[in-house]
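Peer 1: Each chain, written out:
2 protein chains.
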Amino acid sequence: MKRRLLLVSNSTLHGSGYLDHCEHNISHFFGKDVKRVLFVPYALHNRDAYTKTARDKFKTLGYEVDSIHKAADPVDAVRKAEAIFIGGGNTFRLLKSLYDNKVVTEIRRRVLEVRPLSAHLPAPNVATISINTTNDMPIVYPPSFSAIGLVPFNINPHYLDPDPNSRHMGETREQRITQYHEEPDTPCVLGLREGSMLLVEGNKATLLGTTKARLFTRGKSSVEYDPGSDLSVLLTDAQ
Amino acid sequence: MKRRLLLVSNSTLHGSGYLDHCEHNISHFFGKDVKRVLFVPYALHNRDAYTKTARDKFKTLGYEVDSIHKAADPVDAVRKAEAIFIGGGNTFRLLKSLYDNKVVTEIRRRVLEVRPLSAHLPAPNVATISINTTNDMPIVYPPSFSAIGLVPFNINPHYLDPDPNSRHMGETREQRITQYHEEPDTPCVLGLREGSMLLVEGNKATLLGTTKARLFTRGKSSVEYDPGSDLSVLLTDAQ
Ligand SMILES: [Ca+2]
Ligand SMILES: [Ca+2]
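Residue numbers (our numbering), protein chains in the order written: chain A, 49 to 287; chain B, 49 to 287.
Note that these hints are calculated values from the structure, not bench results.
Worth double-checking, as some hints may not be accurate.
Pairs count within a copy or across copies, as identical chains cannot be separated in the list.
[As the list claims (entries may be wrong)] When the alpha-carbon atoms are kept at most 30 angstroms apart in a straight line, the in silico DSBU-like pairs for lysine-lysine are as follows:
id: 1; residue 1: Lys-128; residue 2: Lys-268
id: 2; residue 1: Lys-268; residue 2: Lys-150
id: 3; residue 1: Lys-105; residue 2: Lys-50
id: 4; residue 1: Lys-80; residue 2: Lys-252
id: 5; residue 1: Lys-128; residue 2: Lys-260
id: 6; residue 1: Lys-80; residue 2: Lys-268
id: 7; residue 1: Lys-83; residue 2: Lys-260
id: 8; residue 1: Lys-100; residue 2: Lys-252
id: 9; residue 1: Lys-268; residue 2: Lys-83
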């Protein structure tokens with residue numbers, strides 16, 4: 049399997065600009081062969097403005113950007129793309145638009161099968177089995193919570209440790225993921241803290257970035273991984 | 049319309065026990081005529097344990113608790129209830145179970161039409177138009193985000209003001225509600241901070257509790273309301 053994915057916890061780190069913290073990862077990931085990147089702006093309301101932001105940033109890295117929302121046939125745009133970049137924002141809105149535009153299956157096919165497509169996703173939930181572990185507000189109702197399914201686990205982006213000084217009584221992130229694992233047959237959840245990303249190449253997965261990640265497995269204790277860790281075990285269906 | 053609802057932001061306040069912060073509101077709300085309360089524990093996984101917690105607390109206030117999950121016929125249990133108490137937890141799990149058990153319509157009918165049922169809801173999202181503005185993780189997929197519809201607006205419970213010292217880049221609560229209002233024809237959202245609750249009696253709504261609430265209206269600036277404020281305007285369909 050030739051898939052190449054870069055699953056990023058967040059597009060912007062505190063105190064820096066859009067994609068600044070992962071720009072060297074982007075250049076390294078897309079490399080010199082890619083000239084044009086297909087951008088998916090569905091996660092934000094103002095698609096034109098979002099495309100301009102992405103286009104300006106990618107230009108500084110040497111890539112041209114075409115936005116899928118301007119394509120006459122979105123499925124054909126995916127079919128012909130050299131590389132794809134799915135922008136973050138609201139996961140429910142993004143997934144609903146991917147279904148509305150009928151591109152879920154085509155993205156999966158392009159990444160996992162023929163003529164592999166490098167996919168860069170600061171919207172990592174849509175790349176996983178399902179969006180069940182997003183932090184976003186369910187502002188629209190997608191036809192399913194099943195996502196593109198490029199990897200056989202789930203991700204919790206912007207993962208946050210419990211704040212011992214908090215007086216707020218909303219559930220902690222860990223409690224929410226534990227509630228998810230109370231449901232039967234639920235897969236692993238990788239808690240990606242801000243600044244962290246997962247590079248997937250074929251059947252190899254590597255944790256990149258500057259922060260540790262926490263892996264939650266149903267019925268087991270959670271485990272911390274340092275940047276640089278090999279997380280290929282996540283890619284076997286049996287976990 | 050004879051509806052009587054107490055919509056509560058949260059079941060537990062920091063430093064106090066389950067329902068302690070609103071126990072006098074509960075006693076005042078159910079009064080002396082109610083003897084037995086029908087408890088809905090669907091929002092948590094361990095329904096027996098949750099029922100015991102609720103039963104122990106309600107006993108100290110002088111009420112017996114029957115849990116809907118032990119009823120042979122949940123719809124009949126709603127039909128015959130004197131009063132209902134829907135516990136908080138995960139809103140997606142709660143709403144899915146309400147649909148699975150076919151009680152959404154019967155609760156609406158009992159609260160809004162015949163032989164009015166007093167409903168106490170520390171799970172306020174299910175009482176509103178939809179669960180689109182819950183903070184919970186979407187751990188299960190309900191057949192719809194449409195909720196019981198006892199009031200014609202939405203609620204964001206555990207409402208949090210932006211933290212100026214935060215370095216976390218997840219969207220603030222205000223940004224999330226703004227994203228909801230980017231969608232067409234979306235209703236008002238009442239941000240209920242922890243410690244706050246809304247009493248609805250017929251066509252009158254009053255903010256109770258110890259904290260202010262923030263009202264978000266599509267296309268307008270948000271407005272703060274003090275405890276004691278009359279919010280009956282929220283109950284007119286035209287907002
Ligand atoms: Ca997001
Ligand atoms: Ca909750």
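Peer 1: Hints first: check each against the structure and report whether it holds.
Peer 2: Right, here's what the structure says about each hint:
{"no.": "1", "hint": "Lys-128 x Lys-268", "verdict": "neither (43 angstroms within a copy, 43 angstroms between copies)"}
{"no.": "2", "hint": "Lys-268 x Lys-150", "verdict": "neither (37 angstroms within a copy, 34 angstroms between copies)"}
{"no.": "3", "hint": "Lys-105 x Lys-50", "verdict": "within (27 angstroms within a copy, 57 angstroms between copies)"}
{"no.": "4", "hint": "Lys-80 x Lys-252", "verdict": "within (22 angstroms within a copy, 65 angstroms between copies)"}
{"no.": "5", "hint": "Lys-128 x Lys-260", "verdict": "neither (36 angstroms within a copy, 54 angstroms between copies)"}
{"no.": "6", "hint": "Lys-80 x Lys-268", "verdict": "neither (42 angstroms within a copy, 48 angstroms between copies)"}
{"no.": "7", "hint": "Lys-83 x Lys-260", "verdict": "neither (32 angstroms within a copy, 53 angstroms between copies)"}
{"no.": "8", "hint": "Lys-100 x Lys-252", "verdict": "neither (33 angstroms within a copy, 48 angstroms between copies)"}
{"no.": "9", "hint": "Lys-268 x Lys-83", "verdict": "neither (44 angstroms within a copy, 43 angstroms between copies)"}
Consistency note: the structure conflicts with the earlier hints numbered 1, 2, 5, 6, 7, 8, 9.
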